[in-house]
Amino acid sequence: MPTSVAVTPRSLQAYIPFVGEEVIQRIRDLAAPLKGAKVLHINATSYGGGVAEILATFIPLLQDLGIEADWRVIEASPDFFNVSKSMHNAMQGMYIPWNNTMADMWRDTNKANADGIDGDYDFVIVHDPQPAGLLHYIRERDPKVLGAKWIWRCHLDTTESLPEVWDFLKGYVQGYDAMIFTMEEYVKGTIEGPKLAVIRPAIDPTSTKNSEISPQVVREVLDRYEIDPDRPIIAQISRFDPWKDPLGVIDVYRMLKITRPELQLIMVASMANDDPEAWSFYERIVRKAGEDYDIHVLTNLNGVGNLEVNTFQSAADVLMQKSIREGFGLVVAEALWKGKAFVGSPAGGIPMQLAGGRAGRVAQNTEEFARCISELLDDPPVRDMLGHVGREHVRENFLTTRLLEDHLRLMNSLAEPGGYSQNGAKPAGKQGPKAK
Amino acid sequence: MFGSVAVSTHSINDYTPIVGQAAIDELRRLAKPLEGKRILALSSPGASGAVRSLLHSSVPLFSDLGLDAHWQQVRVSAEFLDMDRDIRRALSGGQVEWSAEIEKAWLEFNAANARLFDEDFDIVIVHHTASVGIYDAITQLTGKRPAGAWLWDSHRDYHAAVSESWSLIRPYADHFAASIYDYKPFIRADAPTKRNVVIPPGVDPLGPRSGAVSTAMKQTIMDQRGIDPNRPILAQIVLSLREDDPLRVLDTYELVKAQRPDVQLVVVDLLGDAPDNAQALNHLRERGRAIGDVTVLTEMDRVGNVELTTLRDQATVLIHQGMPRGISIELLEEMWQAKPIVSGRSPVAEAVLTRPLVGVLADTPPEQAHAILGLLNEPATAERIGAAAKDRIAQHHLITHYLAGYLKLFQQVLPGRSGRSASE
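So the sequences go chain by chain: Z and E.
In this text, residue positions in the first sequence follow our numbering: the first is 1, and each later residue adds one.
In this text, residue positions in the second sequence follow our numbering: the first is 1, and each later residue adds one.
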């Protein structure tokens, strides 16, 4: 059965310094009609991955607003996670041979977890494809249990999803009351029934990755990684895979290095030690970097954590994201939040985060990247101006508080009239999923 | 060819202020006859942080000392991931359902990597035990033994190994010129190879996890994590919880907290997202909240080198549960940070924390709580123990000692030399 995840309490008050009291009050007002509502978020894992990271912040903030939020993760075998990984990849456009055995494994796991869902909820938010079948099996068990509002939150870029996998999944998610996608482009074909919402992801300004750090601390961290704080630095913080074009990043650096021998490049990625493709690509990057020790290829496996990433972003003169293909690319918002000049490709959510060029430069190819970065390195006032616009753009659009507002609005639009009492009792005549 | 791992440049001269000119001169003397020799350190993508940290520090220093040193890693393609994990677990005494398939995959894995080996080295050090079959695989593939002296650095204590796993790798390891162990108690009575050498791991005093931490850094980290720097802090930062009793640290903490309500606990566990570990961490969080003033940091918190160093630095007493079968570089790094350590007994803890007294060995929660309370109540004693711990590292466990150990061994095993046994 799905297991409950303990979270560390958080207070919305902590966000006042970043967004002001007015925004916090607006959130409290939006949450007022939902006070006492019982909300379940359910996903596949409590550790690792962006969804878990979001929920670890989101759940305690909902609790702080008086909403009875609970987070559970489904229980599944390693075989299921192999299937769901394939499914995840297929949803993002990779070809996988989808077959009945995989479909059965997915169905059985969803059914078993549906049998174990207890408690009655007013809202159930199911994240990504892994547990998306829960609603189907809970209804199959007891068709009358329809009280809760069910929302399916798809965090994936489904633009090029494999038709057979999407069609399979569609049969299970059509019955939801609402669906959330990250970008308009990710909504696949015609979806009848559920209310559709587009909610952008967000960064947490209170996290170690995004908190402001002093110049003294920045120097100290750079020193530990043998990076010279007094020479210019460019950086790309992104997975080592072909879609992020790290080899192209080295090309850009090499073009700039001809006339700027002082230049340093930092490339940071999070690596799993059981991902052979990522390692093979890492080796290509290292080979290409050769014996140029001004190229710093760093990963979590050498102990690079959130503070280090924050530092490298804060220390860079120009940050870049040279993706050939990109999902939303939240790392752009992270970088802009540090008040940095940014050059990004026109892939996925990058141009939107760069406000179409107002908050950073958009470059199409290696030469353009080199030219934009070169201009920015030569022009500190423009760097500062772009950095300032970028930070304000993030403050308005890509902080946790905006994510919270969007979710509360959607929940309000689905809420039953009459409100939710503190003890979690339903409005008259309604009943949510309950214990078997 | 294998893939290379990114390294930076280091100069051995930078270490002079820490270890003294005589130690640097000795390293140069040892390195002199090895000038230009091609040395390969071979690890795997799954290498532990400790192995990475040792190679990251030592490979550039070998180069600076005049050796032609390289760090590469074997390929572990998708079909071999399970085998690699099972062999590692089995050798460390973990529960693994042993099968003929594992052995078959192991042979195929080594054969596949043998095909990638296309360079000659004077010395190859295999740091990945599942790769010890590569020496024979190359011999089989090419019809002759690969050039150079081949060394196996086992890194872990294999006394509890599942017998099938040990029987599988032992005959292959036996073909190596020498086996290297981190600590003497790791050497099994039936150890392969005639030459068993102990080269203890060494702390890099100039590495990213060493060195002084500024006041600004302390303030940044303590603020971010909501820890009060003005109250005593106990910390268990060992990158993994005790498998058989993950909540033991809380039993200890609860006993201490009853006597010293001002105390706080920090637990850092970066073991990853194995379901069992997730459940243990969940319990740890819930119970920690009930006791109060407990900060639990996990993989999701992305605690890096700088934060680890700072948390250790801010801890009043550091706790270990005495589980390590491996390198335990973290324990040595904490000692280098001059911290009083209370640890459960283990071969490593007993090897480094005793004679002279440089830490406190305590197994059960009441014993640990008693020791911690003693240290909290007697800061002068805590400081003396911390200083003794640092001194022990300075005498025996710096990266320069590690380099010296290796250079001596290289001299002995280099083809054409008839070195005497370096057994200790």
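Heads up, some of the hints might be wrong.
[As the list claims (entries may be wrong)] Label pairs and their computed distance ranges (CB to CB): (1) E:141 / Z:75: 41 to 47 Å; (2) Z:230 / E:29: 48 to 54 Å; (3) E:66 / Z:388: 48 to 54 Å; (4) E:8 / Z:274: 21 to 27 Å; (5) E:231 / Z:229: 53 to 59 Å; (6) E:338 / Z:211: 25 to 31 Å; (7) E:66 / Z:232: 50 to 56 Å; (8) E:1 / Z:185: 29 to 35 Å; (9) Z:324 / E:4: 35 to 41 Å; (10) E:218 / Z:185: 41 to 47 Å; (11) Z:379 / E:89: 39 to 45 Å; (12) Z:103 / E:350: 23 to 29 Å; (13) Z:324 / E:364: 55 to 61 Å.
[What the hints assert, rightly or not] With the C-beta cut set under 10 Å, the calculated list includes, among others, these residues of chain Z facing chain E: (14) 53; (15) 99; (16) 101; (17) 186; (18) 187; (19) 214; (20) 277; (21) 279; (22) 283; (23) 307; (24) 311; (25) 402.
[Stated by the list, open to error] To give an idea of the interface, some chain Z residues facing chain E are shown, with a C-beta separation under 10 Å as derived from the structure: (26) 4; (27) 89; (28) 295; (29) 308.
Bear in mind the hints are in silico, worked out from the structure with no lab data behind them.
All C-beta atoms in this analysis are idealised placements derived from N, C-alpha and C, irrespective of residue type, glycine included.
Tested hints:
1. Evaluation of the 41 to 47 Å hint for residue 141 of chain E and residue 75 of chain Z yields a pass: the beta carbon distance comes to about 45 Å.
2. Between residue 230 of chain Z and residue 29 of chain E the CB atoms are about 36 Å apart, so this pair departs from the stated range of 48 to 54 Å.
3. As the Cβ distance of residue 66 of chain E to residue 388 of chain Z is approximately 51 Å, the hint placing it in 48 to 54 Å holds.
4. The beta-carbon spacing between residue 8 of chain E and residue 274 of chain Z, approximately 26 Å, falls within the hinted interval of 21 to 27 Å.
5. Checked against the hint of 53 to 59 Å, the C-beta distance between residue 231 of chain E and residue 229 of chain Z comes to roughly 33 Å, which is inconsistent with it.
6. For the pair residue 338 of chain E and residue 211 of chain Z, the beta carbons lie near 29 Å from each other, so the given range of 25 to 31 Å is met.
7. The hinted range of 50 to 56 Å is not satisfied by residue 66 of chain E and residue 232 of chain Z, whose Cβ atoms lie roughly 33 Å apart.
8. Checked against the hint of 29 to 35 Å, the C-beta distance between residue 1 of chain E and residue 185 of chain Z comes to roughly 42 Å, which is inconsistent with it.
9. A hinted range of 35 to 41 Å is violated for the C-beta pair residue 324 of chain Z and residue 4 of chain E, which are about 25 Å apart.
10. Hint check: residue 218 of chain E to residue 185 of chain Z, Cβ distance near 46 Å, so the stated range 41 to 47 Å holds.
11. At roughly 56 Å, the beta carbons of residue 379 of chain Z and residue 89 of chain E sit outside the given window of 39 to 45 Å.
12. Between residue 103 of chain Z and residue 350 of chain E the beta carbon distance is about 54 Å. The supplied range of 23 to 29 Å is therefore violated.
13. The hinted window of 55 to 61 Å between residue 324 of chain Z and residue 364 of chain E holds, with their beta carbons roughly 57 Å apart.
14. Restraint check, residue 53 of chain Z versus chain E: the minimum CB separation of about 6 Å is within 10 Å; hint holds.
15. Violation of the interface hint for residue 99 of chain Z is found here, the shortest Cβ-Cβ separation to chain E being roughly 18 Å, above the 10 Å cut-off.
16. At a threshold of 10 Å, the smallest CB-CB gap from residue 101 of chain Z to chain E is about 19 Å, leaving the interface hint violated.
17. Of the supplied interface hints, the one on residue 186 of chain Z is violated, with its beta-carbon coming no nearer than about 25 Å to a beta-carbon of chain E, more than 10 Å.
18. Hint on residue 187 of chain Z is violated. Least Cβ distance to chain E is approximately 29 Å, over the 10 Å limit.
19. Contact between residue 214 of chain Z and chain E, as hinted, is supported at the beta carbon level, the nearest pair being about 5 Å apart and thus within 10 Å.
20. With a cut of 10 Å, the hint placing residue 277 of chain Z at the interface with chain E holds, because the nearest CB-to-CB distance is about 8 Å.
21. For the restraint placing residue 279 of chain Z at the interface with chain E, the shortest Cβ-Cβ distance is roughly 5 Å, inside the 10 Å limit, so the hint holds.
22. Against a cut-off of 10 Å between C-beta atoms, the interface hint on residue 283 of chain Z holds, since the closest Cβ of chain E lies about 3 Å away.
23. Hint status for residue 307 of chain Z relative to chain E: holds, with the closest Cβ pair at about 5 Å, below 10 Å.
24. The interface hint given for residue 311 of chain Z holds, since its Cβ lies 8 Å from the closest Cβ of chain E, which is under the 10 Å cut-off.
25. Hint status for residue 402 of chain Z relative to chain E: violated, with the closest Cβ pair at about 22 Å, above 10 Å.
26. Below 10 Å, beta-carbon pairs count as interface contacts, and residue 4 of chain Z has one with chain E at about 8 Å; its hint therefore holds.
27. Against a cut-off of 10 Å between C-beta atoms, the interface hint on residue 89 of chain Z is violated, since the closest Cβ of chain E lies about 13 Å away.
28. Restraint check, residue 295 of chain Z versus chain E: the minimum CB separation of about 8 Å is within 10 Å; hint holds.
29. The beta carbon of residue 308 of chain Z comes within 5 Å of a beta carbon in chain E, closer than 10 Å, and the hint placing it at the interface holds.
The structure fails to meet hints 2, 5, 7, 8, 9, 11, 12, 15, 16, 17, 18, 25 and 27 from the earlier list, while all remaining hints are met.
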